[in-house]
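Peer 1: Please take these sequences and the hints and turn them into a complete structure.
Below, each chain spelled out in residue letters.
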Amino acid sequence: MSNRPVPHARLAAEFLKDEPHRHFHDERLWDMRQKRDEQMHIMPEWQELREQASRLKEHTLAHLPQYLEQFEENARCNGIHVHWARDGAEHNRIVEKILKDHGHSSIIKSKSMITDECEMREYLEPKGVSVTETDLGERIQQLDNELPSHVVVPAVQKLTTDVAKTFARYYNTDPNIDDPHALAEAQRNAARPVLLSGDTGMTGGNFLVAETGSFVVCTNEGNADLSANLPNLHIATLGIERLVPRMADLGVFIRLLSRSALGSPITQYTTHFRRPKKGGEMHVILVDNGRSERLGMDDFWTSLKCIRCGACMNTCPVYRRSGGQSYGSVYSGPIGAIIDPTFNARKFSTLPFASTMNGSCTNVCPVKIDIHEQLYKWRRVLAERHEIPFVKREIMKMAGRLLAQPTMYRLAISGTEVALKTMPRFVLYNYLNPWGKHRELPHPVKETFHSWYKKNRLNRTKTQREETQA
Amino acid sequence: MSDETMSARDVIMQRLKAKKSPQEGAYPLPPVVTLGDQDASPERFEASLALMGGRMLSLQDGEGIEQAIRRAFPEMRNLCTAVPEVEGTLRIEDLETHEQADKVDVMVVRAAFGVAETGGIFLSEVELKDHLADVHLAQHLIVLLSKNELVGNMHNAYQERSEFRTAGYGVLMSGPSATADIQGVLIRGAQGVRSLSVIWA
Ligand code: SF4
Chain A
0 MSNRPVPHAR
10 LAAEFLKDEP
20 HRHFHDERLW
30 DMRQKRDEQM
40 HIMPEWQELR
50 EQASRLKEHT
60 LAHLPQYLEQ
70 FEENARCNGI
80 HVHWARDGAE
90 HNRIVEKILK
100 DHGHSSIIKS
110 KSMITDECEM
120 REYLEPKGVS
130 VTETDLGERI
140 QQLDNELPSH
150 VVVPAVQKLT
160 TDVAKTFARY
170 YNTDPNIDDP
180 HALAEAQRNA
190 ARPVLLSGDT
200 GMTGGNFLVA
210 ETGSFVVCTN
220 EGNADLSANL
230 PNLHIATLGI
240 ERLVPRMADL
250 GVFIRLLSRS
260 ALGSPITQYT
270 THFRRPKKGG
280 EMHVILVDNG
290 RSERLGMDDF
300 WTSLKCIRCG
310 ACMNTCPVYR
320 RSGGQSYGSV
330 YSGPIGAIID
340 PTFNARKFST
350 LPFASTMNGS
360 CTNVCPVKID
370 IHEQLYKWRR
380 VLAERHEIPF
390 VKREIMKMAG
400 RLLAQPTMYR
410 LAISGTEVAL
420 KTMPRFVLYN
430 YLNPWGKHRE
440 LPHPVKETFH
450 SWYKKNRLNR
460 TKTQREETQA
Chain B
0 MSDETMSARD
10 VIMQRLKAKK
20 SPQEGAYPLP
30 PVVTLGDQDA
40 SPERFEASLA
50 LMGGRMLSLQ
60 DGEGIEQAIR
70 RAFPEMRNLC
80 TAVPEVEGTL
90 RIEDLETHEQ
100 ADKVDVMVVR
110 AAFGVAETGG
120 IFLSEVELKD
130 HLADVHLAQH
140 LIVLLSKNEL
150 VGNMHNAYQE
160 RSEFRTAGYG
170 VLMSGPSATA
180 DIQGVLIRGA
190 QGVRSLSVIW
200 A
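These protein sequences, in sequence, are chains A and B.
Taken in order, the first sequence gives residues 0 to 469; the numbers are from numbering that gives the first Met the number 0.
Taken in order, the second sequence gives residues 0 to 200; the numbers are from numbering that gives the first Met the number 0.
Derived by calculation from the structure, the hints in this document are not laboratory data.
Note that this is a predicted model, so its numbers are computed, not measured.
Possibly wrong hints are sitting among the right ones.
What the hints assert, rightly or not - Derived pair list, reagent style BS3-like, types lysine-lysine, alpha-carbon separation capped at 25 Å:
1. B:K16 <-> A:K304
2. A:K99 <-> A:K276
3. A:K34 <-> A:K276
4. B:K102 <-> A:K276
5. A:K304 <-> B:K19
6. A:K304 <-> A:K346
7. A:K277 <-> B:K102
8. A:K99 <-> A:K126
9. B:K19 <-> A:K376
10. A:K277 <-> B:K128
11. B:K146 <-> B:K128
12. B:K18 <-> A:K376
13. B:K18 <-> A:K367
14. A:K367 <-> B:K19
15. A:K34 <-> A:K367
16. A:K96 <-> A:K276
17. B:K18 <-> A:K304
18. B:K146 <-> A:K276
19. B:K128 <-> B:K102
20. A:K376 <-> A:K304
Peer 2: Okay, structure coming up:
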């Protein structure tokens, strides 16, 4: 893995060049955000649910060793093989060993960010193991040899025409198909024989239940149920932070997850695995890969509460206008910006600056992670570590490019000149803030940077007030 | 002991215990909550099911379940059944290979229970006679559900239904397989069943 800082602003500028892509991406994610709001508005208990989810996760993380032990014991009693992996490399070796012991070589896999995080495909494929993604979006990304753009909708940065071209290359379909239904049908038809012949099923998982030793997988396509149940060998990879104490706690999280993600009351499939199927074998790999270290960071441990709903991405004006690929990481958007630097502070040092600090991410987060506060804290940490010179360059570029509006472009440049005099304080706050309100594109702004800045400071109290309504 | 000689499990446990930032006393276990609308009516179930892309199949006067299925799927070449109420053309227990299941047009099963909040129906190895994957390979799914087996919302489901503690595999299906991964267009019948219909029975 290269250690060079991800040139987020330059990559975002690339993405912004094509108007149809930029427009669709922004609209689609904003639509998901609005659907989430609709669900929230019809549930008077929404804030209580968030509070409960947050407290449950905090409690679990504070007691993680004992809940992990409880999960392990119960899962073993149910006949599940439980493995532990310190890092991605160890995870991949465990998978390799399980396959080898069975003489297996073809994995059918449902979407799981954590195997991407472990770079499992990259490890296994040269060793002669085929890994086929069965989630449609993840499959598109695999065929294009790209990281997922979004934790819930991995190929959201692409248009139908892009997918048609990709499928034409691999599935021999017409490159000019402009109907998503026909493309989805092509994927269904291409996936079936692979699903039927795969010798090993792999899934991720959304929750581990300590009380029962079970784990839960939420999908819409049903591909996890096919991948896990068709072969006689099922391997599930989950991060150690995925625990909840009790079965009854799932009520809180399941009610929040898909509503926050897509604005649907629940995923089409909510699947509970508690023991291997008749005649089958089941393995769970619990992965640390930096999580135990993150749990030791006073300022950042609560990022482990994340249930990967993607709501913070959908609402983020910078993410919507820069695309997931520009983050150069498996995890993009606001959540990516606060967890990626824990993997590699230098490489991902630009990401905490890809934010307007408007606090919208924090407001929508179903487990109440103070995302924008952590972005701010990361900036300070990075400033202290002298990662600032190139960061400064990056944000200057961002000022000019991120927000594809000539008016803003000019203002951004002049704003930057003013702002640079007040470094690093300026870096720590954020001059993009006046643009950070959801999507409204600014009318030509008549104020000076200083008056914006003042207003922006005042807005911070408003943001806190909005918190209670979000 | 050094990291090399300890098991991965012990290393992770040791790291967690040594470095954990949140202190146990500060974060007590919150009591279990039951929030929101707990209406367990068939009407609420039907409305939620429709929202999730599923549909109700009601019996017409004097019609049996099997007749209703044949009426709804006049083109079907076969009907695989996991319930005593329907004879069908083959029984789920008789499926010998997944390839056979892949050719099933319509599958009929009985759900253990339904969730009114989400229009979800619960299937486990018990209802599926251990044919866990086969139900997802069929093209269309018909679900028999008793009005007496409804819970209000997901809190009720996890607290009241023992199946979550007894089943080895338990899936709550809320409508058919779906995706919106290509340009945000909602498509029903992505990888699993193309349609899901519920019959009160
Ligand atoms: S940080 Fe919160 S909003 Fe963002 S993906 Fe995680 S749970 Fe969802």
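Peer 1: Confirm or reject each hint.
Peer 2: Checked hints:
Distance restraint check for K16 (chain B) and K304 (chain A): the Cα-Cα separation of roughly 18 Å lies within the 25 Å cut-off, and the hinted pair is therefore satisfied. Distance hint between K99 (chain A) and K276 (chain A) is fulfilled; the C-alpha atoms sit about 21 Å from each other, no more than 25 Å. Under the criterion of a C-alpha separation no larger than 25 Å, the hint pairing K34 (chain A) with K276 (chain A) is inconsistent with the structure, at around 37 Å. Between K102 (chain B) and K276 (chain A), the direct Cα distance comes to roughly 22 Å. Compliance with the 25 Å bound is thereby established for this hinted pair.
For the suggested pair K304 (chain A) and K19 (chain B), the alpha carbons sit about 14 Å apart, so the restraint of at most 25 Å is met. As the CA atoms of K304 (chain A) and K346 (chain A) are separated by approximately 23 Å, the hinted pair is consistent with the 25 Å bound. A hinted pair counts as satisfied when its Cα atoms are at most 25 Å apart, and K277 (chain A) with K102 (chain B) qualifies at roughly 23 Å. Restraint check: the Cα-Cα separation between K99 (chain A) and K126 (chain A) comes to about 11 Å, which is no more than 25 Å; the hinted pair holds.
Annotation: proposed proximity of K19 (chain B) to K376 (chain A) holds, straight-line Cα distance about 19 Å (limit 25 Å). Restraint check for K277 (chain A) and K128 (chain B): the C-alpha separation of about 10 Å stays at or below 25 Å, so the hint holds. For the hint linking K146 (chain B) to K128 (chain B), the alpha-carbon distance of about 22 Å falls within 25 Å, and the restraint holds. Only pairs whose Cα atoms come within 25 Å are accepted, and K18 (chain B) paired with K376 (chain A) is accepted, the gap being roughly 20 Å.
A C-alpha spacing of about 23 Å is found between K18 (chain B) and K367 (chain A), which places the hinted pair at or below 25 Å, so the restraint holds. Using a Cα cut-off of 25 Å, the hinted pair K367 (chain A) and K19 (chain B) holds, with the two alpha carbons roughly 20 Å apart. As the CA atoms of K34 (chain A) and K367 (chain A) are separated by approximately 19 Å, the hinted pair is consistent with the 25 Å bound. Taking the CA atoms of K96 (chain A) and K276 (chain A), the gap is about 21 Å. The hint holds against a cut of 25 Å.
A distance of roughly 17 Å separates the Cα atoms of K18 (chain B) and K304 (chain A); the hinted pair therefore holds under the 25 Å criterion. Restraint check: the Cα-Cα separation between K146 (chain B) and K276 (chain A) comes to about 29 Å, which exceeds 25 Å; the hinted pair is violated. Of the supplied pair hints, the one linking K128 (chain B) and K102 (chain B) holds, its CA atoms being roughly 18 Å apart against a limit of 25 Å. Between K376 (chain A) and K304 (chain A) the alpha-carbon distance is near 17 Å, which keeps this suggested pair within the 25 Å criterion.
Checked against the numbered hints above, the structure breaks hints 3 and 18 and satisfies the rest.
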